[in-house]
Amino acid sequence: MSLIAVALLAASACSPDPYPGETGEVLHVGLRSPPRTFDPPLLGDQSSGKIAAPVFEGLLAYHPYARPYQVQPALAAAMPTVSEDGLTHTYTLRSGVTFHDNACFPGGEGRKVVASDVVYAFKRFAHPSVQTRNLWMIREKFAGLTAYRDGIQERIDAVRARGEVAAPLEGLDEVPLSGVTALDDRTVQIRLTEPYPQLSWVLARPTTGIYPRECVEFYGDQWRSNPVGTGPYIPTEYNPVYRAVYKANPDYRDVRVPDPKGDPAQRYPDWEADVAAGHLAHAGKRLPLLDGMEIRFILEDQPRWLYFANGHLDFVNPPKDNVADALPLGELSPTLLSRGVTVQRWTELGTVYACINTEDPVMRNVDLRRAIALAYDHRWTVDNLYSGQALVAKSLIPPGVAGFDPTYHPYHAEDGTAQVERAKEMLAQAGYPGGVDPETGRALHLTFQNSGSSATNRMFATRFVDEMRRIGIEVDVVVNTFPQLTQKMRNGQFSITSLAWGLDYPDAQNILQLLYGPNKAPGAGSARFDDPAFNALYEEAAVLPDSPERTALYERMAHIVSDQVPWITRAHRIRPNLSHKWLHGYKYTEVSNSNLSYVWIDDALRDEQVAEWNRPTRWPAVLVALFFAGLVAVSVFGRKR
Amino acid sequence: MTRFLLRRIAYAVPVLLGVALITLFLFHIAGGDPVAIKLGKNPDPAEVEALRQELGLYDSFARQYVEFIRQTVTFDYGRSWADDTPVREIFRRGLFPTLSVSVPGFLIGVFLAIAVSLLVAVVRGSLLDRTVTALAVAGISISSLVYILLGQWLLADQWKWFPVWGFSYGPGAVVFVALPILIWVALSVGTDVRYFRTVILEEIGQDYVRTARAKGLSETRVMVAHVLRNSLIPIVTRMTIAVPFLITGSFLLEIFFGIPGLGSTLFTAIQNSDLPVVKAFTMVGAVLYVFFNIVADLLYAVVDPRIRLE
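Chains as they are written, first to last, in my numbering: chain F, 19 to 659; chain U, 196 to 505.
Calculated directly from the structure, the hints in this document are not laboratory data. Hints should not be assumed to be uniformly reliable.
[As the list claims (entries may be wrong)] To spell it out: a stretch of chain U is covered by chain F in this simulated footprint if at least three of its residues, at any positions, have a beta carbon under 8 Å from a beta carbon of chain F; those stretches are:
| hint | region |
| --- | --- |
| 1 | 240–253 |
| 2 | 272–279 |
| 3 | 329–338 |
| 4 | 341–349 |
| 5 | 355–365 |
| 6 | 407–418 |
[What the hints assert, rightly or not] Okay, the calculated bits of chain F under chain U, using three or more residues with CB under 8 Å as the criterion:
| hint | region |
| --- | --- |
| 7 | 181–187 |
| 8 | 316–328 |
| 9 | 598–605 |
All C-beta atoms, glycine included, are put in the ideal place defined by N, C-alpha and C.
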């Protein structure tokens with residue numbers, strides 16, 4: 019007891035510093051899930067994308083502030099020249115861009131980026147042995163891709179047939195990839211099989227980042243955690259279950275914070291709002307703006323929230339359970355306001371939906387799907403399970419993306435509430451009057467495949483059971499891990515489940531592809547929806563550039579989904595993002611990860627505030643020590659007497 | 196002694212083979228599709244098939260089982276399916292952080308529990324005894340998650356005595372592991388005190404204790420040299436069986452306090468159907484459990500000379 023008391027007293031004597039030994043202006047970021055890798059082709063989850071973004075650059079990059087989103091040249095000196103048929107894109111590289119200094123280079127000095135690096139990165143991206151998580155982005159789009167992969171696979175098979183082990187990148191040099199060629203040291207040509215309007219979005223993602231071949235070969239298996247790129251920050255420490263630490267790249271090329279106020283050529287839609295919000299107070303300053311960054315992987319909500327509240331993270335998406343405290347009635351709490359915290363709200367580029375297996379013997383009945391859609395109370399879910407931080411999704415295309423049309427919602431009420439009577443009528447029309455299955459004479463029984471066993475998932479499932487019971491349908495809930503659910507979806511062993519899709523780029527094609535017939539499971543189309551009208555519209559839109567004509571096609575496809583109900587669209591989540599007052603230049607986005615390179619901090623203010631907010635309270639330690647000491651004294655003294 | 200050891204090791208082999216069999220069987224019926232984790236959200240069906248082949252998911256159960264045994268013997272479980280890290284590297288990386296919490300927590304907890312148990316046994320029926328018993332019962336009854344959430348909120352966030360989250364390699368780790376250790380101790384000490392107190396009270400009632408007191412020995416000597424020594428067999432058993440769990444750590448403590456150890460890795464691996472990691476943890480746990488059971492048997496002979504290992 020005395021030991022504990024002494025320990026408590028000692029602990030209360032000093033203020034803990036969660037960043038011991040840190041010097042300079044360093045951004046503090048917290049992620050809610052652990053990353054898997056830095057390796058560009060393997061980036062497939064949000065956390066990996068975030069840790070890789072400060073390191074790698076591709077030919078293009080997202081504009082850090084423009085909304086609707088725009089891309090701009092990164093390693094390319096300018097936007098590409100495109101042939102008349104839209105099939106050949108020619109990029110000229112910036113001159114003088116160098117890779118980070120690293121031991122993998124002779125003398126440790128980073129060399130210049132050349133066109134063959136771009137070719138290497140794409141050939142490695144498409145190599146079967148690399149097992150990229152993003153092949154779908156260029157599959158059937160890049161000329162010669164299939165022949166390249168088949169040629170390599172043949173070589174691998176031949177090596178294995180001889181009883182030997184294939185090299186890690188067997189055949190990469192020997193088998194050509196005709197879709198990506200270096201015309202000279204500074205010119206790269208990408209050839210497509212058909213017009214690909216989404217290509218510029220793909221080339222702005224870290225997964226198509228450019229890196230040096232010699233470093234991949236130097237690090238071998240360890241390349242995934244020893245990345246070398248051209249970005250503004252260089253990783254100095256990486257522990258995939260704890261943190262990634264970066265220092266500023268002193269040789270970063272001349273990239274500056276946009277200055278739309280001072281330079282009309284740099285203006286973009288709604289730039290005045292960013293000026294007014296203070297995002298561009300450092301306009302014209304050269305990157306990198308900080309001495310470094312530290313990204314910590316804080317999986318649990320409570321510590322991540324407390325870390326932010328104590329000033330140890332510079333910004334945070336408040337966890338769901340803390341939204342009510344942070345934003346009571348939708349506004350910042352008095353405590354956060356007094357600390358100068360600001361909030362940005364962005365509706366996610368994504369949709370939460372109930373996915374229905376349209377080939378399921380029961381669920382292929384479209385009127386049944388419509389009845390279920392009508393029985394959902396989306397408003398209650400938004401108000402209670404999302405704490406009001408979501409919009410009722412009346413369309414599968416989220417707001418902010420061309421094709422978003424909330425006016426057409428045949429099976430959603432205007433306010434998102436349940437339409438129980440209409441649902442019952444539709445259920446009778448489906449052949450289940452009163453929810454009774456005529457074959458069994460009992461209530462229709464459905465099985466809801468739940469993903470995950472968290473309290474949140476359980477609440478969603480329980481609510482679904484209640485909502486279906488109102489129209490006479492009984493629901494069993496089966497809990498799955500995500501791999502278990504994936505397996506069931508791939509095999510068509512489910513009736514209905516709950517999913518969410520975050521767009522990889524701000525183009526509705528990215529979400530519509532999940533309902534395109536040829537993509538149905540075992541591909542990514544878990545609903546197994548295969549509607550000829552939808553498919554025809556998709557194929558027509560796929561080769562069109564962003565235009566009113568294409569937007570109209572997207573809207574028509576969304577309407578078909580609303581009518582046929584392979585998905586019951588539920589919510590577009592709103593991401594409130596809280597920032598401390600010492601953080602500047604931060605404009606929240608979930609699509610581009612490069613925005614962190616444009617933020618800066620007032621380090622002196624942060625130090626002052628963090629010290630003030632983290633003064634230890636000592637009296638409880640004294641009290642506890644006295645309590646135990648007294649208890650021991652009374653007991654021993656009493657026994658002696 | 197040698198025969199005893201050989202016999203126990205021989206007994207251990209079917210146990211470990213059984214653990215491997217059950218692990219693999221459970222993964223087959225409830226493991227889900229790990230390919231989804233590796234290939235992302237929009238894989239090509241042909242890629243999925245190729246990867247399944249490569250991972251050996253289509254191999255016969257018997258072949259997978261034999262491979263599992265080979266991996267266990269060589270401690271070469273390959274690479275994590277989730278992030279391609281060698282499983283050996285995962286153990287190497289996570290061992291120090293896990294042990295930096297679990298070993299001090301275990302030792303302090305056991306020392307404290309023995310000391311408190313001796314003290315309350317001496318003052319049995321006193322206010323201290325009743326208070327400690329009440330605290331121990333309350334402690335056992337409360338979920339470990341409550342200790343963690345409350346400890347983090349009160350001691351780290353409200354009173355600022357410890358960092359909320361984080362870790363540091365080397366001596367700097369003390370600051371970060373202090374609160375997880377404190378919670379580990381709080382979690383374990385209640386159960387241990389209840390158990391040790393009962394064991395010690397049984398010994399106190401023995402004739403030899405009365406004889407020792409009659410000889411005029413001090414109470415401290417009676418308790419430490421006689422009562423504690425004779426109480427050691429159940430205490431040693433309990434301690435030894437707990438040792439394997441020090442390696443796997445407490446995943447909740449690690450996740451909540453940012454300790455980059457093995458417990459949090461295992462939790463993520465189960466979520467991801469990361470079979471190589473799950474296999475390695477299961478078998479390491481099983482081997483350690485068997486090993487420390489044998490150690491416990493050996494220690495019986497040390498603490499009680501009447502016991503012969505034959």
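List in ascending order the numbers of the hints, as given earlier, that are violated by the structure. Numbers 3, 6, 7 and 9, in rising order.
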